[in-house]
Structures are given as C-alpha cells and as structure tokens.
Amino acid sequence: MNTPILEVNQLQVSFKKEKEEITVVNGISFVVHAGETLGIVGESGCGKSITSLSIMRLISSPGRITSGQIVYNNRDLTQLSEEEMRIVRGNEISMIFQEPMTSLNPVFTIGRQIDEIILLHTCASKQEAKEQSIEMLKRVGISRAEQIYRSYPFELSGGMRQRVMIAIGMACQPKLLIADEPTTALDVTIQLQILDLMKKLQEKENTAIILITHDLGVVAEMCDRVLVMYAGEVVEEAVVDDLFHNPKHPYTIGLLQSMPSSVEKKSRLYTIKGQVPPAGSITKGCRFAERCDHVIDRCWGEEPAIVLVGNNHTCRCWLHA
Amino acid sequence: MARYIIGRVLGMIPILMIISILSFLFVHLTPGDPIRIMYGAEMDMATYEKVKESLGFHDPLYVQYGRYLQQILTGDFGVSYKSKTNVSDEIGKRFLYTLGLTFAAMFWALIIGLVVGIYSAAKRKSIWDRLGIISTTTIISIPEFWFGLILMQIFAVQLGWFPTSGSGTFVHLLLPSITLGFGVSAIIARFTRSSVLEVLQEDFVRTAKAKGQRESVIIWTHVLRNALIAVITMTGLQFGFLLGGAVVVEQVFAWPGLGSYLIDSVLARDYPAMQALILLFSVQFLIVNLLVDISYSLVNPQIRYE
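If you're matching them up, the sequences are chains W and D in order. Anchor point for the first sequence: position 60 equals 60 in the UniProt record's numbering, and the numbering is continuous, going up by one each time. Anchor point for the second sequence: position 203 equals 203 in the UniProt record's numbering, and the numbering is continuous, going up by one each time.
Take these hints with a grain of salt, some might be off.
Examples of chain W residues toward chain D, derived with CB under 10 Å [claimed, not checked]:
| # | residue |
| --- | --- |
| 1 | Ile96 |
| 2 | Ser103 |
| 3 | Thr109 |
| 4 | Val240 |
If you are wondering where the hints come from, they were derived from the structure by calculation, not from laboratory data. All of these numbers come straight from a predicted model, not from anything done at the bench. Just so it is clear, CB atoms sit at the ideal spot from N, CA and C, and this is done for glycine as well.
Generate coordinates for the entire structure from the input sequences, incorporating the hints supplied.
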C-alpha cells in the first residue's frame, strides 16, 4: 500500500499566448501510492485537468510542460519519447474523461473500441481480444455484454457509456487510473453506481486512482488523501478525514462551507466571494488573498510556502506558517 | 433501406416532370431558328413552311409539349435535326465516354485530394500545410482550358508521351482526366483538411490518444471515418457536375463525350438533343444525390434510413 508509484515534482505547465508564456500549473508536487485514491479538488480553471493531462503527456500545443518531473516506475515521463510514452498510455496509466457522450467514437462499435486498446498493448489475437472485451464489459456491470459489444455508442445511455470508458481504461490492468470528473455529466443515481464500480475494480486490481473532481461529496465517498488546488497551485494536502474535520487553508474551509448539507437546512449556502483569478494575473503574494476572509498584510507581499501543519497534513497559508 | 430507396425514386417523378416542362420551355423560347440554321438563309418560304409543318412548330407550345411528353414516356427521344440520327443512340455512345472521363477524373481527384487534405490537417501550420493551401488555392483559380493546353504542350507536343487529342485508348484518357481531376482534387483537399481539423478537436480523439494509439492510425481510422461525411457530399456534387459533361475540357481534347454534344446541339438549336441532354443531366444529379445519401449510412451508423 505504501510504495509510491507516481511522483510529481515541481510540475510546471505553460500555455503560449501571443508570445507570452502563461503558467497554468505552477510547481505542483505530489505522490500517489499503489492502490490508493488521491483526490484533486478545486474550482474550474484551477489546473486540475491540465495536471492530469500532463501525466499522460496529452497537453496539446500551445501548452507544454516547462519544468518538473513526473516519475513513474523510476522513469521520468517528461523525458520519454512519444513512442515510449505510447506504451505507457492506456497500458500502465489510463484515463477516463468527463464527457462519456463524446469520448467514444460515434462510428465504431463499442467492441472495436475496447479491442483497440487490448490489441495495442497485448499480443492477443482478434478473437482473444473480443473475448477479453466481452469479459471487461461484464466486469463493469453490463449485462447482455455480447450485444453491447456489437452496439454503437449512440445506442447507449450516458451511464452505460461511462461504464464502457471504464472498461477501456481498465482493460490492460493499469497501475494508475486517472479519472477526470468521471461522474460530473451523469445523473446522481448513476454517479453512485459508477463510483461503486470504480471502487470495486480498484480493490480487485490494486489500482491507484487519481480522482479529479469539484464535488467534495465524491471525495468523501472515494478518496484516501486529497489535494486542494487553487489557481495552479496546491494549497492544502491531507488525509481525507483530516481535511473534512480539520481544514486549515481558508480556501478549503470555504469549499467545505459551500457544500450543501443534508442535516442542517440553512437558508442560504455559503459562497466564496469573487472568482478564480485568470491564469498568470497574480505575480505577487498569496493567490487567494483577494478572496480570503482572513487576509493579513503579509499575504499581499509574499507568497507563503507549503508547510507541515499536522500529521501528513500540509498547507500553504501565512496563518499556519 | 429498400423502402427508403423506392420512396426516393418515386419522389423523382414529379421533379422530372417539372424539369421536362422547364427544359422544353427553355429550349423552345431561346432565340434562334433551327430550320434556318439547318437549311441556311436562302431557302424559299414554301419549303420553310413545309419543314415547319412537318416538325410540328405550327401547333401551340402546350400541344407540342404534350406530344414531346408522350414521346419520351415511350422512351423515344426523337431524331436529331442536325445529324438525322436517333438522339438516344448518340447519347448512349457518348455517355460511355463521359462516364469514363468522369471516373478517371474522380480517381485522380480523390487520391490527390484526400492525401493532401489529410496530410495538411495532420501537419497543420507546418510548411507542408502552407504549401498545400497555396497550391490548392492556385489550382482552383487556374482555368481548365489553360491548364489543359499547358499539359498538352508539355506532355504531348514537347515530350510526345501522350496523344494531343482524340479518344479510343487508355492513354487518350490520361491528359483530359488529369486536367479535370486536378481542379476537383483541390476542392476535395480543402474540404478534407477543414473537415479533418474539425474532427481532430473531438473528445474521442483524446480518448484514442489516451489508449496509446499512434497519431497516424488515429487520423486514418478514427478521424477520417468521421470526416468523410462532408467529403462525400462534396465529392458527389463534383461527380454530378462532371457527369454533366466537361464542356471545356472535351472541346480542348476533342473528347467525344456529352459536353461536346451539348455544345453542338445548342449551336444548331437541335431541340430534341438539347431536351434529352438536360433531362439526362437532371436524372444523373438525382441519382448521384441518392447515392450520396445512401453512402452516409455506410459511413455513420447513426444515420439509418427507414
């Protein structure tokens, strides 16, 4: 359980816009251990999706990884050639996406799209790939797997398609599965089924999961540890219980307060005032200062460093420095 | 599917009725007298009236149309005023030439157009992409007769590789089909490029990359299949145009197809031939359109015709 399989060190990702480099992910570091689920939470535009795409090296131009390491299995993924990276993708690290409706190719059968990944990374024959695909479909809880194998994506509901995406993602028994908002586009009842399915498969295969979400309910349900991101940086990292019961960073506290509770009925939900600053707009001080309820003079001038505030609990805030 | 096709074919009947009326009016109302053109200006009035009577020009137009309609419904397209031969025989002979030229031209057009289009899109903003855009723009702007003459000058006159004009063997087909196909290839290339670029933005392309699939395989399978719909539409349209006879190119290379027949019959005010050709071109267009619609369902399983 405690062997690290992925180590991200000081990752920095920039986008080039009219000769200007805008940094959208700024010096992120974290570790993922075998078999655990790491949640990455934050508002839209905080860089969580970009972080996950960088691990897969799927950032498309004009974006690029400008510095830092992504160490997987003693190899720095940022240094691999495209051809070496192809062998990692889908095989050792795979990814499922937010939009099950558009993430499958509309003109190919479900079967062909699962076969594709098996044929790419194993020596299976077409017939063996088909058998494995149907087996995968059964394992993600699809009854009538043979029939679905021959179906086209438009014949399936969103929940079914996300199951198919998970089948594709898990087909080659990856060590790490990156799930980028896997349930956001689904109905609430289906969300729970999909999360349960991921959990079940994870226990069986001992797969590590990076779960990217903005839904703290999903985090509580699924994750072992959580990384809170804000404006391209990590602001707090803790074990999930710690984070929910003892949040340190004002941003995390704000996020938790703005969660609707089923127990108490407040007349109005808490909101964090203001908006996420556009990438590259803050060059000095704490990035959250503008929206923070506890802002002090120091916040405007210097950016706080990440410090240890408890057992396995780190936070980037002057209040705790 | 069969029901859909039968429905579409039945739907063509009223369209063809309207076209037959329009083509009849268009032909009969164009200035120019076929009898004068046939016999020259010196014929005497008595003979003129006799010929006019025999051709039925004295009757009101609607009576003439009725007769014409009766004729074509029995499959008789009349006798050419000019050559005194059966119009359907002449069209039958020339149709094969046009069909051959069209297929050969589309063959070049598709090969060059698809390869250039896909390659430009795959390497967008590279020097090859820019070169592709510049050359396709240039080719589209070049008039066919000029391009044909240049090809003829270089490959037939100077190098002597191909015959300058005429028909009969496969080598005769090369220069005119390349002339025709080149212009169409540029149109197809541009269409393919923009269509592929659009599909490349789709989420499923990212999924395919995340599976570890090769970029080239992604483009030739995942992307191309989705991009084909727009390309098929365009190709069908061009195919229809070419089937209507490549008037200019057939003239330049003395190719005995429908295009040169159309020119001849218009110049001679050869009513039966003109009407038959217009009707034929319309039928061809309708059939090509039907084939295009059917091929959509082959490319995209979501499109099914009931």
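Hints and how they fare:
1. Ile96: Since the shortest Cβ distance to chain D is 8 Å, the answer is holds.
2. Ser103: The hint holds - Ser103(W) has a Cβ within 10 Å of chain D, the shortest such distance being about 5 Å.
3. Thr109: 8 Å, holds
4. Val240: 27 Å, violated
In this structure, only the earlier hint numbered 4 is contradicted, and the remaining ones agree with it.
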